[in-house]
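Turn these sequences into a full structure, and let the hints guide you.
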Amino acid sequence: MGLYSRRSLILGYTSLVLLSASANAAILPYITREAEYNTECKTCPRVLCPNQLYYGTGDTFNATCWTRGTRIIDGNIWLKSEAGCYVTQYDVTEWEGDYTSDLAYCGKASEERHITEEDATLKYKTECRICPDLTCDNVAYLSEDTDLTLTCWTDQGQLIIDDPYHFKTTNNCYVARKNLYSKPDITYLDYCGPIPLLEPEKHFNENGTSDVNKRDALPAPLPDDMGVQYLINVTVGEEYAYCRSCPEETCKSKKRYQFNQEVWLQCTENFNGTWWSESTDFCWVKNSDFWESPEGDNYKFPTCSLFPGDEDLRSH
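Positions -25 to -1, 1 to 291 (mature numbering (1 follows the signal peptide of the UniProt record, and there is no 0)) are the ones given, in order, by the sequence shown.
Treat the hints with care, since some could be wrong.
[As the list claims (entries may be wrong)] Here are the computed lysine-lysine pairs in the BS3-like style, where the Cα-Cα straight-line distance is at most 25 Å:
(1) Lys98 <-> Lys177
(2) Lys153 <-> Lys98
(3) Lys230 <-> Lys98
(4) Lys98 <-> Lys227
(5) Lys229 <-> Lys83
[Unchecked claim] Estimated spans, in silico, between C-beta atoms of each pair:
(6) Arg43 <-> Tyr116: 27 to 35 Å
(7) Ile2 <-> Leu134: 43 to 51 Å
(8) Glu11 <-> Lys230: 35 to 43 Å
(9) Tyr116 <-> Trp239: 31 to 39 Å
(10) Thr278 <-> Thr68: 42 to 50 Å
(11) Tyr80 <-> Thr278: 34 to 42 Å
(12) Ala1 <-> Lys158: 50 to 58 Å
Hints are computed from structural coordinates only; laboratory data are not their basis. As the structure is a prediction and not an experimental result, all values here were calculated from the model. By construction, the Cβ of each residue, glycine as well, lies at the ideal position given by its N, Cα and C atoms.
Now the structure itself:
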């Protein structure tokens, strides 16, 4: 090999090493973050996961990696604290960079949801609050005989008569144990962990109670000739997806699909600017509740009004 060839090889190798070093240097070991207001640091990056700890307004922590979790406002990026728990990016002061390129990815396992669940029924009319204290804002008014799914418990809540126990529900708010027909067996439920004072206007989340936080699907125009492609399977991308008796939010929920549950769809339709799909359970789910976009990702998926008997769907 000549001198020129060896020199070119050495220069090429050096450039490759420098390029590799530059790429690695772009990943920071951590980024110091400051809580913009009280925020929960959770055991997994989902609003229903228990709290490991919380950061008060102005508290700082080191974010060591990023992951995906419950979508908050218009993003699903969560940051892992050096304490090993997760905070949504929207609860900390703004970062001028991009977490997904400035920090390492926490790994696929970090996206998994780990929560406990237990069924319960309300005995009395109940206010479901964002935190378990009467000073906390009310999120929902629930009538008697309402069925609930509980996810965790705390004994550090407002004393109701003689009972300090409160339970977090899948509506992401807390109800008092005193308002339930019977005492849940807390041995089957996680402890909720420390809970800060929270305010709804500062803590948007994907809990089915606010349209502000719903993921917007990216619809593609449907061609005139849909072809034939009956039944597609999609995956629920929200904490829960409600399957309703008709394609409107006001329609009765017939079934509730859980996060990452596979759902089979028959057809899709646009109602008043919102895409809905009919599942094989013969009820309707909003397309924005799925990871996939049935109306955009599956260009041959038929519109429901094409089928005999469903021609009047567009006038629903």
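The hints, checked one at a time:
no.	hint	verdict
1	Lys98 <-> Lys177	violated, 31 Å
2	Lys153 <-> Lys98	holds, 9 Å
3	Lys230 <-> Lys98	holds, 23 Å
4	Lys98 <-> Lys227	holds, 21 Å
5	Lys229 <-> Lys83	violated, 32 Å
6	Arg43 <-> Tyr116: 27 to 35 Å	holds, 32 Å
7	Ile2 <-> Leu134: 43 to 51 Å	holds, 49 Å
8	Glu11 <-> Lys230: 35 to 43 Å	holds, 38 Å
9	Tyr116 <-> Trp239: 31 to 39 Å	holds, 35 Å
10	Thr278 <-> Thr68: 42 to 50 Å	holds, 45 Å
11	Tyr80 <-> Thr278: 34 to 42 Å	holds, 38 Å
12	Ala1 <-> Lys158: 50 to 58 Å	holds, 53 Å
Checked against the numbered hints listed earlier, the structure breaks hints 1 and 5; every other hint is satisfied.
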